[in-house]
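Participant: Which chain is which? The protein sequence lines are A and B, in order.
Once you know that position 258 of the first sequence is 258 in the UniProt record's numbering, the rest is easy, because the numbers rise by one and skip nothing.
Once you know that position 71 of the second sequence is 71 in the UniProt record's numbering, the rest is easy, because the numbers rise by one and skip nothing.
Treat each hint with caution, since some may be false.
[Stated by the list, open to error] Just so you have them, the derived chain B footprint on chain A, three or more residues with Cβ under 8 Å: (1) 21-30; (2) 86-92; (3) 385-394; (4) 420-426.
[As the list claims (entries may be wrong)] Short, incomplete list of chain B residues facing chain A, as computed with Cβ under 8 Å: (5) A29; (6) A30; (7) R76; (8) L91.
[As the list claims (entries may be wrong)] Derived DSS-like pairs (lysine-lysine); straight-line CA-CA distance at most 27 Å: (9) A/K154 <-> A/K140; (10) B/K78 <-> A/K66; (11) B/K78 <-> A/K89; (12) A/K313 <-> B/K31; (13) A/K89 <-> A/K66; (14) B/K78 <-> A/K301; (15) A/K238 <-> B/K78; (16) B/K78 <-> A/K69.
Hints were generated in silico from the structure; no laboratory data involved.
C-beta atoms are modelled at their ideal positions from N, C-alpha and C, and glycine is treated no differently.
The lines below spell out each chain.
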Amino acid sequence: MVRAVFHPRSAYAPSAGYRLLPLRFGRLDEHAYIVTNDVGEYVRLARDELVAFLERRLDPNTSVYKALKSRHFLYENDSSVAFDLLALKYRSRAERVAAFTGLHIFVVTLRCDHSCQYCQVSRQSEDSTAFDMTVEHADKALDLVFRSPNEHIKIEFQGGEPLLNFPLVRHIVERARKQNEDHRRDLQFVITSNLSRLSDDVLSFCKEHGVYLSTSLDGPADLHDGQRPTRGGGSHRKTVEGIHRVREALGPDRISALMTTTPRSLSRVEKIIDEYVHLGFHGIFLRSLSPYGFAARSLVKRYGVEDWLDFYKRGLSHILRINAGGYFLREEFTTILLQKMFSPLSSGYVDLQSPAGIGIGALVYNYDGAVYASDEGRMLAEMGDQTFRLGHLDEHSYEDLLTSEALLVPLGETILEGMPMCADCPFLPYCGADPVFHRATQGDAVGHKAFSAFCTKQMGVLRHVIGLLETDAEARDILLRWV
Amino acid sequence: MFRDGCIGVTVDVRAYRLSAVQKTAYRLAAKCTAIIGEVREHSLVVTLTFAPTTGEREALETARLFFQELLDQELREKVGEQTASLRALILAHAFSRTSLPPRG
Ligand code: SF4
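Chain A with its partners taken away, still in its complex shape (with noise of 0.2 Å):
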């Protein structure tokens, strides 16, 4: 008898039938749906195609069967290269889990010389030292630090305005960078300021370690005055001439700036992103308000997440037009939501992570020594409820902290995979768990997402991003650069 070399012919003739692949679709709107997986990637259908897609009689030949089958909904009989690729993909975008708590914030002091009205934390006068972290408890602080098993750590500072209590900062950038020299981390620091104390000891200091800035800037000067009010007025003057000052000092990328919405921001998005644009930045993040901290929760009132979505909407369109009049800008957060559709890795963004990135995205250490498990965990305590309390620098190992029940309970509770509604969510693969979000507005962590504003807002973003993608090529083209 011959043995069979080759297979025959027929065998690389395209297979009789098709399986499908894990899942989930929604409406994308009155006349598309959309079908995601878990590694992140779509395709657009109309609903019959994916009543015949789903029902396995799709017919090989047209375009949206190869869009499937390329995107892996789809795997013909004889192939199994599909579940490996699935795998390969999954298992990048859960690498974040392993790595474990790369971002530990230190809120180095309470003090402020500004009163804004949407502030989270409780700030105090600028001389009551009582709210300042004491040199102890930073130290206790880094070597929890370098207890977490992440290559890449960064330091960020808060406050409060963190260059009240400078000292502080060069003592703990000082000391880490010491400890360093046998952890060998990546290491990088941020400090979050209003730069009304920047001098020139301090912008040297940046310099020789390699210090990033971060600032505020809500646009243009009457409406960040008239938000952020400060002794003496000014508050726009001196954040403008700080960004200048540590471009000069340290190179035009060592300075970034956060705006929050306000109910006086809503009707001048355009003017908010002209100023960011007149700065000289090629980011903007349109950020909706949060709800923690009592004068923010008054503002959050006068506004609905509808609002914040026609505001962004503007926004981005005005912020295209800017780049296709050949000006580079980018909205921060869809840029985030780009990188889970397009980009293998997953995002490092705190507020989007599955399980939810409390603890293992970021820790913070509080000036009196407390260790929540996240900033908004923090602002959340400054109102009275201490759920997202992970213990005390005094009296916890980092052991203790981070298999507190304060951490696992309501990690285990976040999966999206497994909460009501989000499970079967197309837009699960680009969503996260913000737990802190629903325990302050639905009293728990997980929430009924039918009555969400965090889940109304990322349903509203993502198809209309998604819309964009599919509908508007030249969106689409400068969309994907932002990647």
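Given chain A, work out where chain B with the ligand should sit, using these hints.
Facilitator: Frame of chain A; chain B with the ligand shown alone:
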């Protein structure tokens, strides 16, 4: 029929499974509260109850959405059934030979 702030809809349990009805009710919770009754002769009566401020047109539109969503949920259940073991297999494959849980 919209009466006393309620609409009763009947679901054929030969076409839709209970889990699909429950997920549909959950998803529409912001628009109405769905009270799921008992199954009689392949029929399940679901009473959609509305807030006093809801008008008839809005309520009828929600009832239409209920069936639209139910169709999708039933399809999802079927897909889930077909792919659940594959999902488990892919995850097992993804995490074989990894360093999860965390090192150190
Ligand atoms: S929060 Fe909303 S958008 Fe996000 S996965 Fe859950 S249901 Fe989907």
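Participant: Honestly, which of those hints from before does the structure not fit?
Facilitator: Hints 3, 14 and 15 contradicted; others consistent.
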